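For reference, the chains in residue letters:
Protein chains: 2
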Amino acid sequence: MAIQEFVAKSLGSWRSLRSVHHLAFNYLEQVNSEIQIQALAPDNPAVISLCQQYNIEPSLATCPFKMSWEGESDWDENQELKGSTILVPIPEPDNPSRGKLLRDTGYAETIPAIAHYEILPDGTFVLTTKYDRASAEEKIWFVNPNLRLRVSMIKTSEGRGVTTASFSSEIRIS
Amino acid sequence: MAIQEFVAKSLGSWRSLRSVHHLAFNYLEQVNSEIQIQALAPDNPAVISLCQQYNIEPSLATCPFKMSWEGESDWDENQELKGSTILVPIPEPDNPSRGKLLRDTGYAETIPAIAHYEILPDGTFVLTTKYDRASAEEKIWFVNPNLRLRVSMIKTSEGRGVTTASFSSEIRIS
Chain A
50 MAIQEFVAKS
60 LGSWRSLRSV
70 HHLAFNYLEQ
80 VNSEIQIQAL
90 APDNPAVISL
100 CQQYNIEPSL
110 ATCPFKMSWE
120 GESDWDENQE
130 LKGSTILVPI
140 PEPDNPSRGK
150 LLRDTGYAET
160 IPAIAHYEIL
170 PDGTFVLTTK
180 YDRASAEEKI
190 WFVNPNLRLR
200 VSMIKTSEGR
210 GVTTASFSSE
220 IRIS
Chain B
50 MAIQEFVAKS
60 LGSWRSLRSV
70 HHLAFNYLEQ
80 VNSEIQIQAL
90 APDNPAVISL
100 CQQYNIEPSL
110 ATCPFKMSWE
120 GESDWDENQE
130 LKGSTILVPI
140 PEPDNPSRGK
150 LLRDTGYAET
160 IPAIAHYEIL
170 PDGTFVLTTK
180 YDRASAEEKI
190 WFVNPNLRLR
200 VSMIKTSEGR
210 GVTTASFSSE
220 IRIS
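Chains as they are written, first to last, in the numbering used here: chain A, 50 to 223; chain B, 50 to 223.
Just so you know, same-sequence chains aren't split out, so a pair can sit in one copy or run between any two.
Below, simulated SDA-like cross-link-like pairs (lysine to any residue); rule was C-alpha separation at most 25 Å, straight line:
1) Lys179 - Ile220
2) Lys149 - Ser184
3) Lys58 - Lys188
4) Lys188 - Leu176
5) Lys188 - Thr177
6) Lys188 - Ala73
7) Lys179 - Asn195
8) Lys115 - Lys131
9) Lys179 - Phe114
10) Lys179 - Pro142
11) Lys149 - Thr173
12) Lys188 - Thr173
13) Lys149 - Pro94
14) Lys188 - Val56
15) Lys179 - Arg147
If you are wondering where the hints come from, they were derived from the structure by calculation, not from laboratory data.
The structure displayed is predicted, hence computed values, not measured ones.
Take these sequences, add in the hints, and give me the full structure.
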């Protein structure tokens, strides 16, 4: 599957139920949120600026999109989970199933992050992001056009210690 | 990966944290349990009897094993979650990454169930079980030798309606 198809299937509003397994504490955190995924024009100034920040030719940007979320956690009900990020796929020249994914902020940290994606033969989108002292791995797949599942993990930099593993079921609202 | 390797990696005791997403109700159920996976001899009478029940030549059984679990749910704390099942892989003659998996009882129902497994190139074990009015799909993969993740889904028989999706993180105890 090409990245274009995966992004097209993802566009819309989703109701997300996320369970976060804090493995060291055997503790389950619940996050309820609403997620919006909107297409951006390739010549959107924010897309061009993000490409330039990474020294990537903006014409390589393929179906960029914006993801916004708003939700709450049962861990800390006073903490507002709200934010948005711009994501810009840069496929490999000869293989749109693999490439880079530029983001203006990461999920796990608030500094800019560069990630690599690969879409497996069964349609699973796998995203790997390396941070200074940790890495994140995310798998996303569609069960049907209206149900998306997502498994995320934060690993320590050695790759063997996993601190959290989370699972989201995302149901299309519109 | 051949089924032999996958079963060998799975043997042992695991502490499991499972979050069950009841999608229609947007409700999250938490199940804590301990799982034991033990190898069985191919000539174990229960293995032979299970093969015969499905009219399968017992000599085709490959690394059969027994899975036992004991745990509790936050949904109904009075309900005891305890049980065990015998699982018998029957690989395809020319491809040990695919085959049938015989079980004496299913996860979702208490009647005998036949399932098909496939181990994907990235090592993910995918199990599909068809019941009378529903089907179950399960994906299991190892993050490292001591952490196993598992995503399960129950679908209605048409295959598009998903009633529950669950996520387990399983940490090796021994």
